[in-house]
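Engineer: Now for the letters of each chain:
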Amino acid sequence: MIAVVDYGAGNIHSVARALTRVGARFSVTNDPSAVAVAEAVVLPGVGAAADTMQGLRNARVDDPVVAAIERGVPYLGICMGLQVLFDRSEEDDETPCLGVLRGNVIRFPEGLEVPHMGWNQVRQVKDSPLFQGVPQDSNFYFVHSYYAQPSDAARVSGTTDYGLEFTSVVRRDNLFATQFHPEKSGLVGLRLYANFIRLAGQTPAPEFA
Amino acid sequence: MLTRRVIPCLDVKNGRNVRGVRFSADIDAGDPVELAARYDREGADELVFYDITASAEGRDIMVDLVERVASQVFIPLSVGGGVRTIDDMYLMLRSGAEKVSINSAAHRNPDLIRACADRFGSQCVVLSIDALRDPESDPPRWAIYLNGGRVRTELDAVETAQRGQELGAGEIVLNSIDADGTREGYDVGFLRAVTDNVSIPVVASGGAGSLEHLRDAVTVGHAHAVLAASIFHFEVYSVREAKEFMAAAGIPMRLDPYR
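Top line first, the protein sequences correspond to chains H and Y. Every letter in the first sequence is one number past the one before it in numbering that gives the first Met the number 0, and letter 57, counting from 1, is 56. Every letter in the second sequence is one number past the one before it in numbering that gives the first Met the number 0, and letter 134, counting from 1, is 133.
Hints are computed from structural coordinates only; laboratory data are not their basis. Where hints are given, some of them may not hold.
What the hints assert, rightly or not - Just some of the chain Y residues that point at chain H, by a computed CB distance under 8 Å: (1) M0; (2) L1; (3) A69; (4) R93; (5) E97; (6) Q122; (7) G169.
The C-beta atom is built at its ideal place from N, Cα and C for all residues, glycine as well.
I would like the entire structure built from these sequences, with the hints used as guidance.
Structural biologist: In structure tokens form, the structure reads like this:
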């Protein structure tokens with residue numbers, strides 16, 4: 000079973016609807032023990048870093064999420080579910096994050112319109128099973144004011160140009176995370192969810208197979 | 000590169016889509032769920048639903064409608080009409096909307112913008128402005144109208160847009176009452192007056208009748224997105240045609256194969 004971690008993130012229903020659409024079997028849960036034994040984990044997120052970390056701690060799912068990643072089960076982080084993987088975020092006066100990946104999350108510089116909101120292209124800089132069937136430079140829907148800077152360039156699997164080139168997809172083994180919202184990115188976004196559930200050992204609905 | 004957006008707008012009255020001419024709406028233009036699915040297939044970048052009944056019953060119908068659309072259409076949805084409180088906004092977000100626009104209530108009580116932005120984030124707070132140009136004014140000035148264009152105020156639209164940004168609005172929908180429903184083009188002068196003075200995205204609304212109008216809102220009015228209703232509802236143009244036309248004019252557009 001795929002665990003969609005419910006810690007109060009605003010986009011959890013949208014993520015659940017997209018997973019339903021591609022034929023996933025999943026449970027939306029805030030039970031730490033369910034996360035601990037999940038076959039795959041999806042961490043949605045939207046909003047501020049401090050709220051997200053607080054939500055994860057309050058639900059006591061922060062450690063189980065990290066443990067699941069370290070166990071090597073497929074993980075999909077979305078938006079804040081990408082940012083909190085890093086050591087710390089500049090947001091809210093320096094927020095310590097989960098520290099699964101080395102690097103920090105910083106704000107877009109002055110002069111760029113913030114939030115970066117709308118459809119932008121993702122350049123696939125590495126082959127990834129998450130991108131299977133997704134054309135190069137496809138548009139995805141973004142809403143964010145901060146972005147991750149991984150210390151290890153090997154973790155970068157997709158980039159996006161917003162006046163500066165930033166990391167929009169990261170990967171480490173079975174850990175995948177996107178800065179954009181695939182659940183709001185039309186067909187290419189659904190395809191990405193279908194690819195993820197396949198990694199989790201499930202068979203997507205026929206039209207996404 | 001961030002693309003510009005084409006946003007079909009569905010005016011919803013008692014669960015049906017209707018077409019408005021200068022803010023009076025009567026003509027039935029179809030089932031909103033079916034229309035939403037069609038626009039998605041054609042490549043709409045976002046969908047806006049306005050509840051033009053703006054009553055308690057209307058809100059319940061809207062919540063149900065957004066839930067139905069959100070289970071079929073996986074692009075950003077925006078909802079407006081009759082939103083007066085944080086709870087109204089929460090209800091819409093929970094039903095599947097990404098953004099909620101506030102209009103009359105925000106002009107009467109600007110603190111509502113800040114309260115909603117603090118609670119849900121600026122990205123989901125859209126400030127909607129309906130304005131009419133003061134015919135005597137020089138330089139031109141646009142006065143804000145409330146309650147769907149029925150109540151005139153002394154509020155200046157450009158100043159209100161700036162103030163909305165300061166209070167935490169993440170986007171502005173700028174609707175020209177002069178141009179609304181005329182199909183004679185957006186008021187690009189009005190657009191430019193606002194886009195020159197705020198740094199958040201501005202969505203052009205009211206008056207689209209041709210593909211040139213959509214283009215001009217971006218190239219002349221500097222709008223980030225164009226909202227249109229009747230030219231899409233009655234299949235004068237498809238969303239796809241509109242986007243291809245704008246792309247041919249050099250505007251960055253999302254033109255992925257959608258199906």
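Engineer: Next step is simple, just say for each hint if it's right about the structure.
Structural biologist: Quick rundown of the hints versus the structure:
1. M0: holds (6 Å)
2. L1: holds (5 Å)
3. A69: Result: holds, 6 Å to nearest chain H Cβ.
4. R93: holds (7 Å)
5. E97: holds (7 Å)
6. Q122: Hint holds; Q122(Y) Cβ to chain H Cβ min 5 Å, cut 8 Å.
7. G169: This hint holds: G169(Y) lies near chain H, its Cβ roughly 6 Å from the closest one there, short of 8 Å.
Checked against the numbered hints above, the structure violates none of them.
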